[in-house]
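For the sequence shown, position 130 (counting from the first letter as 1) is numbered 130 according to the UniProt record's numbering, and the numbering increases by one without interruption.
Be aware that a few hints might be false.
[Said to hold, decoys possible] Here are the in silico distance ranges between beta carbons for each label pair:
#, residue 1, residue 2, range
1, ALA130, HIS96, 22 to 30 Å
2, ASP5, LEU120, 32 to 40 Å
3, GLU114, ALA49, 19 to 27 Å
4, PRO66, ASN45, 38 to 46 Å
5, MET27, ALA100, 39 to 47 Å
6, GLU114, SER42, 26 to 34 Å
7, ASN45, PRO6, 35 to 43 Å
8, MET27, PHE141, 12 to 20 Å
9, ASN55, SER29, 15 to 23 Å
10, PRO85, ASP129, 23 to 31 Å
FYI, nobody ran anything at the bench for these hints, they're computed from the structure. Note that the structure is predicted; figures quoted are calculated from it, not measured. Backbone N, C-alpha and C define an ideal beta-carbon position, used for all residues, glycine too.
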Amino acid sequence: MPPSDPDDLLRLADQFRAVLRDAVFLMRSLDLDSGVSSSHLSLLNALAAGPLRVNAVARRLGVKVPSATEQIIRLEKAGLVQRSPDPSDARAVLVHLTSAGDEVRERENRRRSEAVAAELGRLPAADRDAIAAGLRALERFDVSLGQSLREGPGRERTAEAGRTAR
């Protein structure tokens, strides 16, 4: 049975954060074999669905606009992204993925996934199944946490908010 005691939940949260932090460090170690950092790859991945304004890039990356701008400038100099005026607002700038940027994005995602897949292949099938089940639970948790963060403290969840707003 999952923990429901506040102290147990706090320990689970601490363990979750520690494992996630370690996983991020391990994923970043894959950068050592590449000229593309994880933060740059994250930016390229954010643009894969289409152009974004600089402030939207910053939000997606969880950084401030000046930090996003620095990354965009580096990637633009490398020919991986380009900036252009936003046709709907002349004051805003859209950041686009170039074809070279898309090629780098696909190559680096594939390389990193292949490295992880090789390690997963060394695990017993039961462990791979447990990881797959855990990832499904993490995806649900990610959606729930993201919704809570967007709503902010003191705001009601979607279903309740819809009912009380009427």
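Taking the hints in turn, this is what the structure says about them:
1. For the hinted restraint 22 to 30 Å between ALA130 and HIS96, the CB-CB distance of approximately 40 Å leaves it violated.
2. Taking 32 to 40 Å as the suggested C-beta distance range, the pair ASP5 and LEU120 conforms, at roughly 33 Å.
3. Judged by the Cβ atoms, the range 19 to 27 Å given for GLU114 and ALA49 holds: they are separated by roughly 23 Å.
4. A hinted range of 38 to 46 Å for the beta carbons of PRO66 and ASN45 is inconsistent with their spacing of about 21 Å.
5. A beta carbon spacing of about 23 Å between MET27 and ALA100 contradicts the range 39 to 47 Å that was offered as a hint.
6. Separation of GLU114 from SER42 is about 18 Å and departs from the stated range, judged on CB atoms against 26 to 34 Å.
7. Look at ASN45 against PRO6: about 36 Å separates their beta carbons, and that is inside 35 to 43 Å.
8. For MET27 paired with PHE141, a C-beta distance near 19 Å keeps the hint of 12 to 20 Å intact.
9. Between ASN55 and SER29 the C-beta distance comes to about 31 Å, which lies outside the given range of 15 to 23 Å.
10. Distance hint for PRO85 and ASP129: a CB-CB separation of about 50 Å, inconsistent with the stated range 23 to 31 Å.
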